[in-house]
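A.B. asks: Sequence:
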Amino acid sequence: MDFIETAQYNTPASSVAAGSSSQASLPPPWRRYQHPNGDIYFHHREHRLITPDNIYDPEILEYILEAREDHLQCLAGDPGSSRLPSDYELVISEVSDTAATIRMYSRGATEAYTWTEENGLVTKSREHFWSHVAEYPSHHPQLPPNTEAEFARALENAKQAIADGAVFPFTERQIDQIIARYENLTALRSQGRNTTPSLAWLIGAVMPLDAVGRRVNDDNLQAMINGVQ
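For the numbering used here, add 12 to where a residue sits in the sequence shown, where the first one is 1.
I should point out that these hints are in silico values taken from the structure, not numbers from a laboratory. None of the values given here were measured: they were computed from a predicted structure. Fair warning: there could be bad hints in the mix.
Simulated DEER-style distance windows between Cβ atoms [to be verified]:
1. Q85 to A199: 43 to 49 Å
2. K136 to G89: 19 to 25 Å
3. L200 to P220: 37 to 43 Å
4. C86 to P40: 39 to 45 Å
5. H59 to I191: 35 to 41 Å
6. F180 to G132: 31 to 37 Å
7. K136 to T183: 24 to 30 Å
All C-beta atoms in this analysis are idealised placements derived from N, C-alpha and C, irrespective of residue type, glycine included.
Use the sequences and the hints to build the structure in full.
C.D. replies: See the structure below:
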């Protein structure tokens, strides 16, 4: 699902296909969520832990939990990690018995982070945060704080910039389509529909509008605009 060039949207080999079924029970208290594009991921609320990997496989689940424990120990030993907001979430993917990809995000701070032994805690660019919002949009009932206001301002500024002759990641017509899709989703929300996942996907994939060289490819832009709701 690589609809953003900078997003890590390649489905791991151990991930669960959207149409697949398993005889195994989902280990409590994990919950299974479906992305509007059909992809499956899992969320452990108490651990604030997300993974797209196949936790129906006990070995994969063990690798994920071991990677989490090792990562928390590393953070605990680094005074610089005190900068992490209390609401940060871990995303652990591509696990094996020797390695795992681990990323961290804070919805409250609207930031993304990584930690390595060499560099300690590093705050990533806003693109990484927005990519996270787009990639895992279904497990929170609400959007991150101030998301919609920032999105609306960005769209308005983008339209003006294009009118002034600026080169932008989207054409004026595409921005009008994005606005129409956003207005459709908010109208459905006002009727009681849960459109948070689709809104998060749309906003996360489009933002930040001022990023140089970052854009949604045309096929996936149409998928977000046409939507499933």
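A.B. asks: None of the hints should be skipped; say for each whether it holds.
C.D. replies: Verification of the supplied hints:
{"no.": "1", "hint": "Q85 to A199: 43 to 49 Å", "verdict": "holds (48 Å)"}
{"no.": "2", "hint": "K136 to G89: 19 to 25 Å", "verdict": "holds (21 Å)"}
{"no.": "3", "hint": "L200 to P220: 37 to 43 Å", "verdict": "violated (25 Å)"}
{"no.": "4", "hint": "C86 to P40: 39 to 45 Å", "verdict": "violated (27 Å)"}
{"no.": "5", "hint": "H59 to I191: 35 to 41 Å", "verdict": "holds (37 Å)"}
{"no.": "6", "hint": "F180 to G132: 31 to 37 Å", "verdict": "holds (36 Å)"}
{"no.": "7", "hint": "K136 to T183: 24 to 30 Å", "verdict": "holds (28 Å)"}
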